[in-house]
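K.L.:
As they're listed, the protein sequences go chains G, W and F. With my numbering, you'll find the first sequence wraps up at 1276, consecutive numbering, no jumps. With my numbering, you'll find the second sequence wraps up at 560, consecutive numbering, no jumps. With my numbering, you'll find the third sequence wraps up at 273, consecutive numbering, no jumps.
By construction, these hints were calculated from the structure, which means they are not laboratory data. These figures come from a predicted structure and were not determined experimentally. C-beta atoms are modelled at their ideal positions from N, C-alpha and C, and glycine is treated no differently. Check the hints yourself; a few may be wrong.
[What the hints assert, rightly or not] SDA-like mimics (lysine to any residue), calculated; alpha carbons at most 25 Å apart, straight line:
# : chain 1 : residue 1 : chain 2 : residue 2
1 : G       : K1119     : F       : A80
2 : F       : K123      : G       : S1120
3 : G       : K1119     : F       : I75
4 : W       : K386      : F       : L93
5 : F       : K94       : W       : P351
6 : G       : K1239     : F       : A168
7 : W       : K444      : F       : S106
8 : F       : K94       : W       : Y435
9 : F       : K182      : W       : R331
[As the list claims (entries may be wrong)] Examples of chain G residues toward chain W, derived with CB under 8 Å:
#  : residue
10 : T960
11 : R998
12 : P1056
13 : T1131
14 : F1185
15 : Q1198
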Amino acid sequence: MTEFIVNQWWLVAIVIASLIPLVMRIVSAGLLETLRTLDRRWIFLLLLWAVLIPIYFIGVTGRTFPEVPSVLARATFDEIDRLNPGDPILLAFDYDPPSEGELGPMATAFVYHAASKKLRMYFMALWPLGAQMIDNTIAKVITPDFRDLVYGRDYINLGFKSGQEGVIKVVVTNLRELYTTDSRGTAMQDIPMMEGITNIQQMKVIVSVSAGYPGTKEWVQYAVTPFPSLRLVAGATGVQAPLLYPYVPRQLPGLLGAIKGAAEYEKLVVDAYGGANADPKYLEALRRMGPQLVAHLLIITLIVVANVVFLIDRGRKR
Amino acid sequence: MSSSLKGKGSAKRSIAAAVACAALFFPALAAGQAPAPPSGLTARDHSWDNGTRIDLQWTASADEATLRGYVVRRRSTVETNFSVVDIVPAGTNALTVGSLNREAGHLFRVTALGANSLESTPAATTAPVFPTMEWFDGTRVWFLFTLVLLCGSVVAFIVLARRGMPLTLRRIAGLEAVDDAVGRATEMGRPCLFIPGINDMNEIQTIAGLTILSRVAKTAAEYDAKLEVPTSKSLVMTAARETMQTAFLTAGRPEAYNPDSVYYVTDEQFGYVAYVQGLMVREKPAACFYMGSFFAESLILAETGNAIGAIQIAGTAQPAQLPFFVAACDYTLIGEEFFAASAYLSGEPDQLGSLKGQDVGKLLVGAGILLGVLGATAAALTGSAFIESLVNFFTGTMLT
Amino acid sequence: MKQTGPLLITAAGGFVLIVAYFIPFAQNWGELAAIWFDILAAVAFILGGGNLLKTHLKRISDRARGWGYSGVVVVSFLATLFVGLVKVGVNPSAQFPDFAWSGQYRQMGSAFWYLFQYAFTPLTATMFSLLAFYIASAAFRAFRAKNVEAVLLLGTAFIILLGRTFAGVALTSWIDPDVWAGFAYFTGLRLENLTVYIMSVFNTAGNRAIMIGIALGIVATSLKVLLGIDRSYLGKD
């Protein structure tokens, strides 16, 4: 840490310089008055540093915080890890670029896990931009690192279909009623891995990575509820995850909540399949836990400071 | 493959016991002898369903006590191979197989699965059985009962309210503040902003939002305040225009209605947010209303509104966004309050009656939760099979 | 008449779909209706696009405040529409190599793909990331220990905030699960375990209560719409 500060003295200088006006205001107007009337832009600046510095620190040093996988992350991992090579798995990517930062790492980890296990991967999306997220993840994981996997034999992108939960209702009993071609326009009968696949119930596990509606909740309601033998695991944003807890564990055996859940799952996957020098792209969530820690600590500090001011003011009024 | 269990005994209990017994008392079986097969397998169409289920029944294997369970397999007349439908625990002698194709006949096989994982010879059906579709789906009868009960109570209270039954309503501060907010904007000479959420007209929250828009627009027309409604969906724009026009007409100022004040921005969530945020910073509306279905944009919009010093009233039924609105807005209509708004604002007996009906629904749900919790607790404490079967019927049949 | 027609369609459509839910023969009618709505909504895109152009071109011609932004909107809209429709930079698909436009509009390397990858994605991600800044400022302003409930809320927030990071693990690492193996209640006090407990028990209970209220509200509102009691979203007769 000291070495980092010494080597990156210019960064320390910029941070200190940016906060000088705030310090001067505290000196001139007093600490309490400054905090009472604190312009929200100072909070924005503090948060910027709280996020930026750890990102830079982790980028320079390559160090991440140790992560202890929770029960839910382990359950998610086990659901996929118990499968045998060649087992079909559905990966529903129902998110878009705005939530990529939160969901991208878990999508990457899911695909890395499934590809390492040599599972047959069927990708689909209920969000228009989900198809692009699928392409991006395939280009990030399968194309460079799993060159032996062949499109159409080992993995397929069924693409986006409009109709929200209506799509789930149909594909769960009849996949080909809606999907006559894959996202590249190839007819289903010409795709080797579609042979014998008539509906989603044939999938050993459904993985839902979702940022909202339609997403995991709809997969629970319209796929798992009418067909309880289906196994569903999910990755959700921090805002969505609390709404999914009611479904755990009966309808949703595994759930990854936000970047924390992704980091725990990432650790399990990398420990099992990544080797000693895993590519940094498979450690994205673990790396993002650093900024998250500092940002959370800053928010706690801000709340505490605001409450101290509040209590002092209330004490004076009395 | 969907299937539901009928029969005695629970899965986990039976499997554990069977495996233990097999290892201790039946060394011959553990050594590699297949168990005795089940017999008398019958398959019948499941009555009162949508033509996707067949009921199976069989007589237990002679080695029942040592079994891990029974493996049920199926093939349709157009398929050549049997595939596993389900593995049910020992002690089970019936299974309803679901998700079957109505167009084809189905053949079934059931084998006994020994503790040593060896399977017996199968008991099989000889003739294909076709699932038939009845005119009523009996699996949804309890849902129908609940629906009739809930809707019936709403309709009953609407009728009672029409007959003059006095109904009182608690004060909802957020709705009381609507007129004040518009009034304040008028005094300050600044516009009002109404955001009807980012979902389309097929979302009931959007309709509830437009109901509140009609009141806001009416007040704005009366006060001669400028009201702007950027929408994220084209159909919402059309519906919001109709609502605004009607509201201005009701207020007696149809000439003041400007259709250009309701306009489409973009379907893209954050493109919409960027536009609205920019609009707020430039125009500095004095009153902002967020009424509809919101997602991640809730706090971005509400904090921007807070920064420009606007009075903010929000209403949504998206539970995840409620904390953000509560933190950043002056008033928030939480869930059902949001849906109660039209009744509250109109004060019409029909509308108020519907709220009372909703309360009956809440009482029913509360009673259901209480009964379920008490039943499950009693079953766990006493170990009574009767109470357990009642609880299972309640949760497994009535509530599914 | 202007209101009666839509009301009749709403009531007939709504009640038929409710009844259809219980009649196997008609159970897929709901999905059909959803597809009809999708078609309507897709056609409405044209309406929306037209309105977008009208609104912003008017602002430009009026030189209204911020008309420059409207210029950016119009240019971006038309440029994206053009490269998407004409499939600029798209190679023919492998199946139909003789047809110039047979490739996908969002094919990797196409103009549309570049716009999506290097303009749309970072722009929307930037907007989303603003949320973090607003959460910090809202927390600073709104989280006050005004009463007992607020203090409880604050305490819970701290536990969750810490429990979702390594700080939570580090702070309560002294509760060693191996040492306290027989004391599940005590090891449950580790912040990461407490976080999961709060989320899955207290949070779920509260959420369910709100969701039950919302579900009943939806039933009553839908019924009012179907019965024509609530018609404020429709125009005047």
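K.L.:
Quick check: which numbered hints come out false for this structure?
P.N.:
10
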